[in-house]
Amino acid sequence: AEADVIGMAGGDGSLAAVADVAIERDLPFVCVPFGTRNHFARDLGLDRDDPIGALAGFSGQERRIDVGRVGERPFLNNVSLGVYAGLVHRREHHRRRRQALAGVRAVWLSLADRHATGFVVDGEPVTARIVLVANNSYSLELFSVGERETLDAGRLHLFTAEGWFPGSWEDRSGTRFTVDSRDHRLRAAIDGEPAELETPVEFSVQPQALRVLVPPAPD
-13 AEADVIGMAG GDGSLAAVAD VAIERDLPFV CVPFGTRNHF ARDLGLDRDD
37 PIGALAGFSG QERRIDVGRV GERPFLNNVS LGVYAGLVHR REHHRRRRQA
87 LAGVRAVWLS LADRHATGFV VDGEPVTARI VLVANNSYSL ELFSVGERET
137 LDAGRLHLFT AEGWFPGSWE DRSGTRFTVD SRDHRLRAAI DGEPAELETP
187 VEFSVQPQAL RVLVPPAPD
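In the working numbering, the protein residues as written are -13 to 205.
Treat each hint with caution, since some may be false.
As the list claims (entries may be wrong) - Computed beta-carbon distance windows for the label pairs:
#	residue 1	residue 2	range
1	V(-9)	S125	27 to 33 Å
2	E182	I38	35 to 41 Å
3	D108	A42	40 to 46 Å
4	S154	G31	28 to 34 Å
5	E148	Q47	38 to 44 Å
6	G57	S0	16 to 22 Å
7	E148	Q194	30 to 36 Å
Rather than coming from a laboratory, the hints here were simulated on the basis of the structure. Note that CB positions come from ideal geometry on N, CA and C, so glycine has one too.
Work out the full structure: start from the sequences and follow the hints.
In structure tokens, the structure reads:
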């Protein structure tokens, strides 16, 4: 039987692949926050502590939101290169080895790495510890990115930073970016999940490509 709606209960790293099926079949998508981080659910306006409440989306209101692409792979939040990507890979490595405090160890090793990396962004040399390509713009907070005010502006934002503080971040906006490096492969974190990408890395945005159902607004 043909589905009328596709839903997914999971964290950020699980959602994009299912959302891509919804795009391919032109079906509405329901996000049920269940797992780690749930930044996408937060930016949709869902209560991350109430997955049962998110089920009301199946009879809710439709929104159209943007989807980012790295190559052909979709992302709903962002793709990180540099120090944060290294942190994600280290955390996963230690987790697989079942080491206690894997996240703490990964953070300590990443903070201890003081070397910036050379990238080339659309032909321009850039030295940065972090490169973050975001599906729409984020507010910047100490040591992290914050929330997004919109999910449907049709723009990617490429943030680069030589340091941790928001004042050191530079923001570029566009619909496409190419990121290159002298390395043939780059460690990446795609919606918080570890990945490796072949260079040059192509980023693009699909404006309002995903139909999302959210719970009705309260009266």
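For each hint, the structure was consulted:
1. For the hinted restraint 27 to 33 Å between V(-9) and S125, the CB-CB distance of approximately 31 Å keeps it satisfied.
2. With their beta carbons about 37 Å apart, E182 and I38 fall inside the hinted range of 35 to 41 Å.
3. Range check, D108 to A42: Cβ separation about 42 Å, and the 40 to 46 Å hint holds.
4. The given range of 28 to 34 Å is respected by S154 and G31, whose C-beta atoms sit roughly 30 Å from each other.
5. Hint check: E148 to Q47, Cβ distance near 42 Å, so the stated range 38 to 44 Å holds.
6. Separation of G57 from S0 is about 19 Å and conforms to the stated range, judged on CB atoms against 16 to 22 Å.
7. Taking the beta carbon of each, E148 and Q194 are about 34 Å apart, inside 30 to 36 Å as hinted.
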